[in-house]
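Asks: In short: position in the sequence shown from 1, add 5, done, that's the working numbering.
Calculated lysine-lysine pairs in the PhoX-like style (CA-CA distance at most 25 angstroms, straight line): (1) Lys-273 with Lys-261; (2) Lys-229 with Lys-257; (3) Lys-246 with Lys-261.
Label-pair distances were calculated between CB atoms; the ranges are: (4) Gly-100 with Lys-310: 14 to 22 angstroms; (5) Leu-117 with Asp-238: 26 to 34 angstroms; (6) Gly-125 with Leu-335: 42 to 50 angstroms; (7) Ser-256 with Ala-314: 25 to 33 angstroms.
If you're looking for bench data, these hints aren't it; they were derived computationally from the structure. From the three backbone atoms N, C-alpha and C, an ideal C-beta is built for every residue, glycine too.
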Amino acid sequence: MRLQMSNVQIAMIGCGAIADQYYFPALAADKALRAATWIVDPSPESRSRAIRKFGFAEAQQLSSSADLPDSISLAINATPSHLHVTTTMPLIARGINVIVEKPFAEFSDQALSMVDAATGKCLLSVNQYRRLAPSYAKVRALIENDEIGEIRRISWSEGHKFDWPTQSGFYFRRPWGTGRPRGALLDIGVHVLDQICWWIEDTPTPLSVVMDGYGGPEAFVLAKMASGNIEIDLGISFHGKLANSFVIEGSKGTIKGSTHDYARMELKTGKGGWRSIPAVGATGWPAMATRLVTNVTETIAGRDKLLVAAADVIPSLVAIDSLYAAATELWPDSYKEWMA
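Build out the structure end to end from the sequences listed, making use of the hints.
Replies: So this is what it looks like as structure tokens:
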């Protein structure tokens, strides 16, 4: 599937790793759209690299989104997360529709301010791309169809050694704007919590949270949460590989899956054994980027509705805020004498 849209001009704001791996391949696949894409980044080197690699128009590059022409109908904001508010608000003020890279914001109140500002002015979507993954959507459908009954427990373990090819180094920036620096929980956790909130249609609250960080961004989190009668266990890590799996236990059955398998999951109901359940749809980042951008442009034209509306991802940010607020740090025994 390729993006094939007429009379659409798109601004790609930010030429970092996510643009290079996710958005640019989708935007460059169609000749007409490639010619209608504007590249925005303060770095001339980053702009030139994107133009050479993907064939975008040399004349359509800018150092600032403030200089975008009025013909732009959609902007994709792939700047570092701490810049999302300051770079999105001026676009909203101009009535430009925006897709914001995840996390939508670093704090839930920032997210709410952008949603409020966009109301009645433009469309606002977020690249919570796992909602577009066939397997995650299939899990939601199984839950909605009561295949596993009342959910009782969700266990999620996801982690890998941090290796994202960040070009700006914003993950490790100093100083942090407000409160403790945010790390793995904001980066991986925004995927995890967004899926859980989407599946259960609620915002879980923390029972206990332990993380490292010790003044810097955390790389490991263990948390217990609850939503009504649902118990939720989370393990998230940037230190090394975890099980990278989720299990959803219900009164009538259980769903389990690999966090990075977007094509299938497993289902067990009653006294039966595990069954592999395929999920129909394209996988891979360019395919999901294509679907996201197509959905937003079709919604702009009045032919569709947003798959990932910005307002719908706020519950996950509220949950993340609450986890940080409740977090304690488990100090190694060798350090305890220094804390006395």
